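Asker: Sequence:
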Amino acid sequence: MKTAILGVWHVHTEDYLKTAMKYGEVVGVYDENESKRKEFCEKWGLKEFECLEELLQSSAEGVIVCSSTNLHTNYIIKAAQAKKHIFTEKVLTINPEDSQKIKEEIENNKVNFVISMVKKYNAPVRTVKKITDSGELGKINYFRYRNCHGGSIDGWLPAHFYSKEQCGGGAMMDLGAHGMYLAYWFLGMPEIFSSAFTIACENPKNKDNVEDNAVTMMSYTDGAIALNETGFVSKCCPAVLEIGGENGYVKMVDNKVMKATLKTQEEWVDVPLEEELPSPLVQFLTNKADGDCGIDDAVALTVMMDKAYNKIM
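As numbered in numbering that gives the first Met the number 0, residues 0 to 312 make up the sequence shown, in order.
What the hints contain is simulated information worked out from the structure, not anything from laboratory work. Since the model is a prediction, treat every value here as computed from it, not as a measurement. Beta carbons are placed, not taken as given, at the ideal position from N, Cα and C, and that holds for glycine. Don't take every hint at face value.
To be verified - Straight-line alpha carbon distances no greater than 16 Å define the calculated EDC-like cross-link-like pairs of lysine to aspartate or glutamate that follow:
#	residue 1	residue 2
1	118	245
2	102	295
3	250	132
4	82	53
5	100	241
6	46	24
7	306	190
8	204	153
9	119	245
10	306	24
11	262	245
12	255	245
13	102	241
To be verified - The calculated label-pair distances, taken between Cβ atoms and stated as ranges, are:
#	residue 1	residue 2	range
14	274	157	30 to 40 Å
15	187	266	51 to 61 Å
16	32	133	43 to 53 Å
17	201	46	36 to 46 Å
18	264	122	19 to 29 Å
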């Protein structure tokens, strides 16, 4: 696929560019920040689009959206209207109303859409999902996902990731997106949300005082509870996914999965990992997306984030 990079704001932009160059041709780059756009294009030897319209009129068949979240609505809608296929970083938008506008344009213009819910294709996570879907755990009553890093402590997280205007929030909106879409993937849309957001690290970049340490608790009509834990202030912290049911429990810690169920006589046993699948971006570029990272999933993620931020204790 011929693609264009729409925004160089995100920390994943260069990695996405390398993947796009591996699987196709990148015809150019646009970012509304002229100096950052020029610097990026000069570094990678790419064509610089001086306005959005120039990109939309180019030979690009698709766009890879790496702009700040507050620009997603305008960019994605215009890309859809120009019949460009769309890959975007999460989250889709800051508010649910805008996500619905995007959905309408995606469907009306019949373009492909993929959002970067990369953890769904991770081998350990897929292993936990397979066990959960098999029914071996019985009725599921508990979900917990913890995903953190030390970006605030070590100072490597860019200053613009603390911008409330550009991001819509802090750690939960960024890193916490993974736990949100996984909770939806495993259990569906929660009924009740309650969040605890704090600032645990003094960082001069965090001028908007967005949260760097966060937990959202969610509950379901069938009695299940989901915990999504995240933050920029934890070091040496493994990724943890736990699912509990009436007949057993499964736990993922980084690349290891263990379960204890009635079938294992309640003894903990190691579980062989499922196959790692190509990333959402690779699936997008090769026209092989399986639908697990589509527009409905993207809209649901925005809805969940909106509810989490409106229920801060």
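Asker: Each hint should be assessed against the structure and marked as holding or not.
Answerer: Hints, one by one, checked against the model:
With a CA separation close to 26 Å, the supplied pair residue 118 and residue 245 exceeds the 16 Å bound. Between residue 102 and residue 295 the CA atoms are separated by roughly 8 Å; this keeps the pair inside 16 Å, and the hint holds. Between residue 250 and residue 132, the direct Cα distance comes to roughly 15 Å. Compliance with the 16 Å bound is thereby established for this hinted pair. Between the alpha carbons of residue 82 and residue 53 the distance comes to roughly 14 Å, so the proposed pair stays at or under 16 Å and holds.
For the suggested pair residue 100 and residue 241, the alpha carbons sit about 35 Å apart, so the restraint of at most 16 Å is broken. For the hint linking residue 46 to residue 24, the alpha-carbon distance of about 12 Å falls within 16 Å, and the restraint holds. Our distance criterion of 16 Å between C-alpha atoms is met by residue 306 and residue 190, whose separation comes to about 10 Å. Note on residue 204 and residue 153: the hinted pairing holds, with a Cα-Cα distance of about 12 Å set against a maximum of 16 Å.
Of the supplied pair hints, the one linking residue 119 and residue 245 is violated, its CA atoms being roughly 24 Å apart against a limit of 16 Å. For the suggested pair residue 306 and residue 24, the alpha carbons sit about 39 Å apart, so the restraint of at most 16 Å is broken. For a cut-off of 16 Å, the pair hint linking residue 262 to residue 245 stands: about 12 Å separates their Cα positions. For a cut-off of 16 Å, the pair hint linking residue 255 to residue 245 is broken: about 22 Å separates their Cα positions.
Among the hinted pairs, residue 102 with residue 241 is inconsistent with the structure: their alpha-carbon atoms are about 32 Å apart, more than 16 Å. Separated by about 34 Å at the C-beta atoms, residue 274 and residue 157 satisfy the suggested range of 30 to 40 Å. For the pair residue 187 and residue 266, the supplied restraint of 51 to 61 Å is violated, since their beta-carbon distance comes to about 31 Å. Checked against the given bound of 43 to 53 Å, the beta carbons of residue 32 and residue 133, roughly 48 Å apart, stay inside it.
Distance hint check for residue 201 and residue 46: the Cβ-Cβ separation is about 42 Å, which falls inside the suggested range of 36 to 46 Å. Between residue 264 and residue 122 the C-beta distance comes to about 26 Å, which sits within the given range of 19 to 29 Å.
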